[in-house]
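Here the protein sequences come in this chain order: P and F. For the first sequence, this note's numbering gives the first residue as 308, with consecutive numbering after it. For the second sequence, this note's numbering gives the first residue as 308, with consecutive numbering after it.
No lab work stands behind these hints, which were simulated from the structure alone. Treat the hints loosely; a few may be bogus.
One copy or any two copies: either way a pair holds, since identical chains are not told apart in the list.
Said to hold, decoys possible - Below, in silico cross-link-like pairs of lysine to aspartate or glutamate (DMTMM-like), each with a Cα-Cα straight-line distance of 20 Å or less:
| id | residue 1 | residue 2 |
| --- | --- | --- |
| 1 | K515 | D547 |
| 2 | K534 | E472 |
| 3 | K491 | E449 |
| 4 | K491 | D522 |
| 5 | K372 | D405 |
| 6 | K372 | E392 |
| 7 | K372 | E400 |
| 8 | K491 | E457 |
| 9 | K433 | D476 |
| 10 | K372 | E389 |
| 11 | K491 | E527 |
| 12 | K433 | E445 |
| 13 | K491 | D466 |
| 14 | K515 | D318 |
| 15 | K433 | E349 |
Protein chains: 2
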Amino acid sequence: MTYCVAMRLADGLVFASDTRTNAGFDQISTFRKMHTFQQPGERLLTIMTAGNLATSQSVISLLEKRIHSDQPNLMSVVSLFEAAELLGETMREVVRRDNSTAGEASQVDFTCSMILGGQVRGEVPKLYHIYQEGNFIEATPETPYFQIGESKYGKPVLDRVLSFETTLDRAYQCALISFDSTMKSNLSVGMPMDVMLYRNDGFEPAYKVRLEADDSYYTELRRQWNKGIRDLVASMPLPDIGAH
Amino acid sequence: MTYCVAMRLADGLVFASDTRTNAGFDQISTFRKMHTFQQPGERLLTIMTAGNLATSQSVISLLEKRIHSDQPNLMSVVSLFEAAELLGETMREVVRRDNSTAGEASQVDFTCSMILGGQVRGEVPKLYHIYQEGNFIEATPETPYFQIGESKYGKPVLDRVLSFETTLDRAYQCALISFDSTMKSNLSVGMPMDVMLYRNDGFEPAYKVRLEADDSYYTELRRQWNKGIRDLVASMPLPDIGAH
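Build the full structure now, drawing on both the sequences and the hints.
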């Protein structure tokens with residue numbers, strides 16, 4: 308399983324992804340799910356992936372390979388929208404190839420889904436959610452974040468706190484809380500985490516870190532959040548359920 | 308969709324269920340998903356259902372009908388374990404019947420899952436989760452609650468706060484918070500809610516209510532929780548992401 312969240316905010320973009328992949332419960336590995344393509348001063352594109360790992364890796368490899376070709380590629384597209392189209396097409400190409408090789412009898416799900424965010428000079432930063440069918444939607448100020456993978460456990464806190472005006476450091480903090488709730492409930496989402504912050508018109512990461520499980524800020528945040536939730540519940544009025 | 312949660316605690320049992328059923332987004336109805344079978348002073352059994360509504364209703368109707376027959380039934384079984392077996396068997400019977408009538412071409416999922424809790428005189432209270440296959444597991448002090456239906460959004464708060472020693476009024480409060488998180492994220496879980504508390508050796512409900520959306524306690528709890536979460540996030544340390 309996987310959990311990735313990305314936000315498009317007034318100040319820029321936030322990306323966070325876990326690194327755990329598993330086939331069953333005993334074949335667990337660590338793989339990077341966040342990939343950044345960069346042309347200093349000109350463009351920065353970050354892709355996060357969930358779903359079939361072979362498909363995700365093939366898509367990323369093809370995208371990398373084609374940068375040095377005459378085909379449309381992530382360095383030649385003139386907008387994030389075109390980059391999203393390219394991702395969708397490349398994904399369909401890989402899934403089609405693997406489905407036809409595997410044959411109809413195969414029960415394997417070759418699909419994956421992706422988040423694409425970044426900025427191409429001349430545009431504002433944009434964020435897209437690319438579905439497993441290859442079509443996609445764009446984040447707006449009313450819906451400033453996307454999740455892929457195991458998204459439900461970590462959604463309530465984002466819905467209550469996050470808005471388009473949230474600052475990048477606060478949004479990063481919220482992402483960590485959202486990850487903590489997810490990892491507490493789903494063993495197949497696991498540390499370390501990759502985090503990247505992008506500030507408008509920076510065309511390079513404003514902050515980038517691989518967060519290990521023993522990171523002191525993350526550890527302290529988890530401790531305060533857990534205590535805070537318990538204290539909050541304890542402070543709230545109890546229902547009147549009559550005589551005991 | 309559905310959300311039901313039940314808890315087996317040191318003092319007794321807590322049951323809560325929503326009442327929304329839907330086929331698509333425009334065919335929405337209200338149905339009771341909590342059913343109580345009672346023999347004053349002798350036994351109390353409460354069943355909550357999720358999944359195919361036709362199956363759930365058939366199972367409940369058959370269980371009711373057979374109470375007045377010579378067949379093993381909810382009033383004749385000598386333990387909650389036997390009652391759970393009976394539920395599992397009745398569920399399999401209905402699914403088998405509907406599957407064979409519908410034929411192989413049917414795409415309909417006839418399965419449902421259930422929670423059964425209560426007490427038969429001579430035993431301590433017990434709580435079972437009956438899977439769609441008809442097999443089941445029992446709640447223990449280490450795992451004092453079960454959920455069926457749309458369970459993920461409302462799980463983190465239960466995992467952080469609930470323990471076997473939690474009092475019934477506090478557990479009821481936690482259930483409401485868990486429902487609020489779920490209903491905020493999934494439109495197909497909706498008010499009103501049915502809630503029932505059972506105190507050990509009571510053999511009748513200790514508290515029972517149909518909670519409407521405008522219930523004053525629930526409204527105040529939601530308001531305080533929403534504000535509390537936002538205040539908690541705001542009070543926590545921000546990460547150092549370097550120069551702005």
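These are the hints, each one checked on the structure:
Only between protomers do K515 and D547 lie at most 20 Å apart by alpha-carbon distance; the minimum there is 12 Å, versus 50 Å within a single protomer. In this assembly of identical chains, the alpha carbons of K534 and E472 lie at most 20 Å apart only when taken from different copies (18 Å versus 27 Å within one copy). In this assembly of identical chains, the alpha carbons of K491 and E449 lie at most 20 Å apart only when taken from different copies (16 Å versus 29 Å within one copy). Proximity of K491 and D522 under a CA criterion of 20 Å is satisfied intra-copy only: 17 Å inside one chain copy versus 32 Å between copies.
Taking the shortest alpha-carbon separations for K372 and D405, only the intra-copy value of 19 Å comes in at or below 20 Å, while the best inter-copy value is 53 Å. In this assembly of identical chains, the alpha carbons of K372 and E392 lie at most 20 Å apart only when taken from the same copy (17 Å versus 59 Å across copies). For a Cα distance limit of 20 Å, the shortest separation of K372 from E400 inside one copy, 15 Å, qualifies, whereas the shortest one across copies, 57 Å, does not. In this assembly of identical chains, K491 and E457 lie within 20 Å of each other by CA distance both inside one copy and across copies; the values are 12 Å within and 18 Å between.
Within a single copy, K433 and D476 get their C-alpha atoms as close as 19 Å, which meets the 20 Å cut-off; across copies the closest is 47 Å, which misses it. Taking identical chains as interchangeable, the C-alpha atoms of K372 and E389 lie at most 20 Å apart only when both belong to the same chain, with a minimum of 18 Å there against 63 Å between chains. For the identical chains of this complex, K491 and E527 are intra-copy neighbours only, at 16 Å inside a copy versus 28 Å across copies, given an alpha-carbon limit of 20 Å. Taking identical chains as interchangeable, the C-alpha atoms of K433 and E445 lie at most 20 Å apart only when both belong to the same chain, with a minimum of 7 Å there against 49 Å between chains.
Within a single copy, K491 and D466 get their C-alpha atoms as close as 19 Å, and across copies as close as 8 Å, so both meet the 20 Å cut-off. Taking CA atoms no more than 20 Å apart as the test, K515 paired with D318 passes inside one copy only; the shortest distance there is 16 Å, against 50 Å between copies. In this assembly of identical chains, K433 and E349 lie within 20 Å of each other by CA distance solely inside one copy; the values are 15 Å within and 64 Å between copies.
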